[in-house]
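Take a look at the letters that make up each chain.
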Amino acid sequence: MYNFEFKQPTTISDAVNLLKSDEAQALGGGQTLIPTMKQRLASPSTLVSLTAISEMKGICKNDDGSISIGGGTTHAEVASHADIFAGLKTLAENIGDAAVRNRGTIGGSLANNDPAACYPAVALSTGATIVTNSREISADDFFQGMFDTALEEGEIIISVRFPVPTSSSYQKFVQPASRFAMVGVFLSKFADETKVAVTGASEGGVFRWSEAEAALNENFSADSINNLSVDQNDMISDIHASKEYRAHLVKIMTQRAIKGAS
Amino acid sequence: MPKDSGIGAAIKRREDARFLLGSGRYSDDITLLNQTHAIFVRSEVANGEINSIDTSEAEAMPGVLAVFTGEDFVDVGGNPAGWLINSRNGDPMKEPKRPVLAHGKVRHVGDAYAAVIAETEQQARDAAEKINADIKELPAVIDMASALSGKNFVHDEIGTNQCYDWGWIEDNREATDKAIKNAHHVTTLELVNNRLVPNAMEPRCSIADYNPANDDYTLYTTSQNPHLTRLLISAFVLGIPENKLTVVSPDVGGGFGSKIYHYGEEALVLAAAKRIKRPVRWTATRSESFMSDAHGRDHVTKIELALDKDNNFLAFRTETMANVGAYLSNFSTVTPTILHGTLMAGNYAVPNVYVNVKTVFTNTAPVDAYRGAGRPEATYSLERVIDKAATELGVDPIKLRRQNFIKPDQFPYVTAAGLNYDVGDYDAIMDRLEHHADLKGFAQRRKKSEAAGKLRGLGINSYIEACGIAPSNLIGTLGARVGLYDAATIRVNATGNISVMVGAHSHGQGHETAFPQIVADMLGVDPDNVEIVHGDTSKIPFGMGTYGSRSLAVCGSAIVRGVEKIISKGKKIAAHMMETTDDKVDFEEGVFSVKGTNKTVSFGDVALKAYIPHDFPIEDIEPGLEETAFYDPQNFTYPAGAYACEVEVDPDTGQVTIESFAAADDFGNIINPMIVEGQVHGGLAQGIGQALLEGCTYNEDGQLISASYMDYTMPRAADLPSFIVDHTVQTPSTDNPLGVKGCGEAGAIGSPPTVVNAVVDALRSANHNVTHIDMPLTPERVWAAMNN
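Line by line, the protein sequences are chains V and W.
Those letters in the first sequence? Residues 1 to 262, by the numbering used here.
Those letters in the second sequence? Residues 263 to 1050, by the numbering used here.
Bound conformation, chain W alone (with noise of 0.2 Å):
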């Protein structure tokens, strides 16, 4: 086995080519024929009663088929929420229906009610402009606490904007209460976590095909996991049998968790391409991705540290309010809960943890997980209080979060707030950290930049994070409707190469070049012979998808135990070829072998043997060399870091630059370093996007006023340093096979603290008595903060 192709090996992303050439292939660019055209029409009002809508003139106008109105849904099912969460008092969650289109009432603006399906694009458009609405605008909610105390509803039939009142863990809340209470030290502080749009580079695009005369249906759509989505409109949404739909998801632009969900345009085109008997296609414009795509982040926290005289850390309380928009999203209602509340430890040994999250309805998008996904939300309150603490306190915030750090033997660690870390070691990560952020220089840094006239602050961060999603015992306890297993096929073809079918999708993770690295590592083979199938629920087994930095953890180890198999089938041909049994067959870098004698036959001529079986022990061994295994974790993997920022504050604008950045991350064992590199990359690059540019805005009235790139900030190659990137301290999962953790949310979860940690010092340096700016940090935030 060539150690520059197998695991570890940082070998270019070969997916890369045919993206950079301009040859995916992605949803919108399939083309069927007699294709159709779908246009939705969607609410300018927050919140309206529908009292009709005549749709009369626009199925009379040139090239329309067929107008669709949320009265033709009204007997099938809803988009269900895919996790249960009780509240404090045991009462279930709020579910109120959400339909394929608007009935009876819109409830955001973007909120489709209608559509149309002509001959063009054109003519849709034209035609949708002439459907009649009339539809009595009602007073938006909005802002979350009114929406609390308020009368006005988002869905009457509930009474409340509540959707649940969740505690974590409900048994703690006393002795966190106590601590509190006792402590000799709490510092208190208020935040808001930014509402973010996704802003995936590809819009969501989704085309059915139906065929009469099975019966049956094709959905080609931008999914992040085809076949949950196919067992969302199978099981909940229209019915359709899953044995009578496909589901293919083929190069996806970028999702980062909001192409997770189902949404109401793929079951709108399913139901039209029957009704019509012709392949149905809808493409979202930007304008489209801003007001309907799944919403991230939308918390108000206040957060609580105790500490003692010693300035160990008593307890962490919180109290939170997160939106969760109009509808309940398939994620929306474990994003805020499961996967925020239980990384309320962080990575400290701290006795007492509470978490009390409120979930509001209120007349905006839905709100669902984004890269991260509970997670940041999680890392930026404690950071973000720790940092204040230390500052209140006069400590060095490194030094008082290495104090409190759980130690190298302290693991397997359970946590205050529910969770068993099995490994870590996180002050070999900030030992990394302090090599590359150079603090000893740091007075010097700042000094030559306030002869330039400008502030500098150092941000520090360490964060914990829970990935490889999910051991589906554990999280069916916690209310999970799912399982969150994943599954490989590994086929070995005659001729000796191998096509590996996966339950994960690849979406700018690089499964295409990692997953065969894998392969080639165990059976000695080149990985360019390894082909990886995903994203097509006729191809694939039954997996669950990507998101969460799963697929390796949990389909990379699926994989590991589907070649498993193989290695064990191929011994018994080996050892039927060799004249001897399959105890004897040792097996390594490709070739079979007799132990203790030179006897040898390679994995080619075994596979070759299992597909020709002539003199084949078919009494004995099946031929074919094909194996499927689905893996189910038995644990979280818990990947964590360190992170360093330093910037620079003009002091007469605001305007913060960021002027180097650095991070140490324990991801356990690495694949491909180069993939890991560029994925850290990538979240950093969102992370301090939610930290200094992004923000989604909605007015009192419900209009969304960040609805173009003309006012909603994307981070931009000039706005980002040239990052330090440092994995050295390997920590290998003791949960799964592979002994990896997952990489692709760490960078986004990490860096918005480490980045306001750095302007507040910046700020404070200049005797600012300044504690907080909520982000982002624009610059006039920045400003005010110094002249209030």
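Okay, chain V solo, but in the shape it has when bound (with noise of 0.2 Å):
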């Protein structure tokens, strides 16, 4: 690890101005970047931790329904709340190992956009809105490719507000060694709409099942999406997986989705 000012504000004004000057770096849980500096393939010059900004913590449940998750709330924290619905508890659970859970947030795994973390797939389903100290963005236009996100340069997630379907499940085929996503699929059964949301599979990133949204639509059995299949050829491919087979395990995993929602 290379050297690096430390920095821990506690509002978000202060975080914000600190993250204008060159080269400093916002610091969730730190799961990813910690990691990645003690490799020394980062180096920024200075780290704004995010995890004292107590504003950007915890969970409520808003008068339309729609639950709000701070920025800066773990894993853990999410999985244990009362008022999570039952996809979202299973996804946060099941991220990674106990200490990722205790030290990761929510935030942090959305603004890194890793093409196999999970919270992308449940921002994605759902249609939550991600709340940054500028502008609302919706999960729509918030992912943008592997690693790439609508976040300009210092602007930090404050919380994500996710509509709360009237059934969800996640179906994650775990990658063994990273315990990361190889293929997951997040299913959201809304009263008058279900969305299917891909993560791990695509070279893209986090995406849309749309076609298999509309077979939904039409009639919600697993039968449904029989015919279908995503394209092989915007799959990943790696020493885990290759793209046919984590074509196949979309689809597998969306059937499984949606008997769990069932």
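Treat the hints loosely; a few may be bogus.
Unchecked claim - Interface residues of chain W toward chain V, partial, derived using beta-carbon atoms under 8 Å: (1) PHE498; (2) TYR873; (3) ASP963; (4) PHE985; (5) MET1048.
What the hints assert, rightly or not - If you want the ones that stay clear, here's a sample from chain V, every Cβ over 12 Å from chain W, calculated: (6) ILE59; (7) GLU155; (8) PHE173.
In short, the hints are calculated from the structure, not lab data.
Positions of the beta carbon are idealized from the N, C-alpha and C atoms, including for glycine.
Starting from two chains that each stand alone, build the complex the way the hints lay out.
The following block contains the structure:
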């Protein structure tokens, strides 16, 4: 690790100001950034920790029934909170291991947008709103490809607002070494529509499987996607799974999510 | 002697208290005054020509004390191979020099070509980034078959990538070929024994301390055999006289073979400490461990099994390519040959065995012995081809094995692969296995799995291994450049407690508990009064360390011989004390007595007398009570076992889960059954890891793709079932005084074929025409096998 300045502001405005300096980098739970720095693959001059900002923490139910989760809330807190809907609870309690869940934050995960991370799937599938220090961004606009988001330089995720589906399911097929998603499918069923988001599978990062959504809006059953498949060419290929196998898993995990949400 | 603490007692491991409380003392815990830090600069390419290395910028960096490159070591020796293997045509193996730091060429990703010594680790790391090396990348030699046929060499000076082409036993070749040609049935299988990264929990660490006053050195290092490390450094690499070098291996957090070997980092810190006259330390990062620890396995094999019309085995014939990596690590030449080929008769009365092994240099990390070392490769080939034969012939795989087992009345049995098995009862082991595995209930369990949408399979295996390495006179004829005895010094202190200095090294094996049980049992003392000293060449006799499940059979036997000498001398002292002659003195349960009388003296009184020799016949008996024994085994030991595994396979994804695992082993006599069970559990976890999860992967450019825990899958508790472990069949070894055989590697040897047999069985139950899947059986591989 190279030397760096460490700042721990207690307000959002202080954090935003600190992040204006050259090569400053926001630090959430540090579950990606710290290992990267230890390998000397990242060298921010200043780390601005967001963990002491109390207004970025916690979970609450809004008047319209949606749930807001502070950007600095850990996976463990999400997993154990009473107001969390089923799919999100499953998702949060199966990220990494206990150490990761006790340090890693939802804001950090979404801002990093690792193509195999779990949180992008629930945000996209539920149509969540990403609330930053300067604006609100819909999940459909937020994720812009592997490790790429709509966030501007220095912009931080204050909270995430999730519409609560009538039923939901997250089906994760783990990459056995890292326990990231080799393929993860989050299905959210609302009164008027069903949305399916897929993580871990695509070269383009998390995506909505619109053909499956259309089929499910016609007929909500696992059989309704029997004849569908995602394009193998878009899939990731690595030592754990080929494009063909990932495409197959997308369908299998989607069918399991359908059953899980039925 | 309380029977709850001697031989056979399941007492808890005393060393665990300090490990669990975090008070173990590992190499990296050692802090020396004025210590400095070494950082190695490692190749990022698999094969490259070093045109130049400019160290000037690094040398000018803050805190830098010295910079080393391969140039600094051209006049010293290389790290040697410990075993000479000759090719079938009589040519000796190719032995390219393995330098302390790469010189002229880098030959694998992670090959160290420079080192920086600085006041702090951070400064050394910063300076290491300023070393400007001009390295021209060359095409990498990765695939073994291409390596053998191609003209691109890992070591240009030897003009080939083949280290040797070994035949075992060459005189059996024609008969084996003929048996296969004329057989009623021949089953053929091609398979890969996957490459593994050892992944000891503690990374390697070496600290050198040079004392200019006496011109002597101390090396603290993570070694499984400190005396062997000292010998290699002294006699081959740096030429430091043995009496000027102390090697200390304190607590070591796992080795699995990877810490047997001497590595260049040890030599570098010693040389650096002398140059700057300050202690120099280095601890590997996990990434360095992945890149530079000696890897394991990596065989590509074709095996044939010939049978007659009654399903009797007629011959096994094997052709193997074994990857040795870029350099010869110390035991790398013996592992795929002597430790593999000699086991290719398995547990079977088969008249013909022939093994051909071509060992191949590639631009990958060195490959050497890893838990099991050759025997897992042998067992895997045998037990997979036997299972395939059972399928082809439509016979029960257990029946086929039983029919061909060597029977108890055939021992001692010289196999067609040249070993002399002293004793065993493979049917009795299989009986125990069948008892635990509840084979009758399997059909019902399969139905239940199928009702839940899963496929269920049952896999069976039987294995034998050769442990207690090794009889020096035998291995000398087979090319060994060392002897493989071990040694123990028994020091009875004046107050009656006992220090035992041993050549074996404990890094997970529980020696500090098990060895005192032997001494306590023989001397009738409380094991808590016996202390084991190991891992320091200045304190212990010259022993050869711990690997190959040898510690108990070889070093334990040295302890027995040493204690026998203590008892013999004690009788002389007791005879003097009781005014008789030593032939009239008995010793039992800690008491010396005169035959036919009620005269006694206690062991403690004899010890005291030995050290306070007032009224002592010093003309006849020396004062003191301390004896050393060296023990050289007369044969290998032959632990054997039979394993059963049930798996479920998810037909939609190919995901395999292990539902049950039973292991029945014959380890001969057992000193501490609790430690034995722990060793079996650990071995099974490693073997299951190999079967389902672990795969070290280089791409065609020689980049290590599985270079971290993000991509290399270690077995976790959740991947494993609750193991059933049975060791009630005990046929004591006839070749050592304890009747023990060794248990450290069994689980890792027996489990991989058991798991693969079970998965193939599961797939065949759903009419998939699958005969084999290469390890690791990842979900995709299993899914692909079902869908091809």
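Quiz prompt | Contradicted hints - numbers only | solution = Result: hints 1, 2, 3, 4, 5, 8 break, sorted rising.
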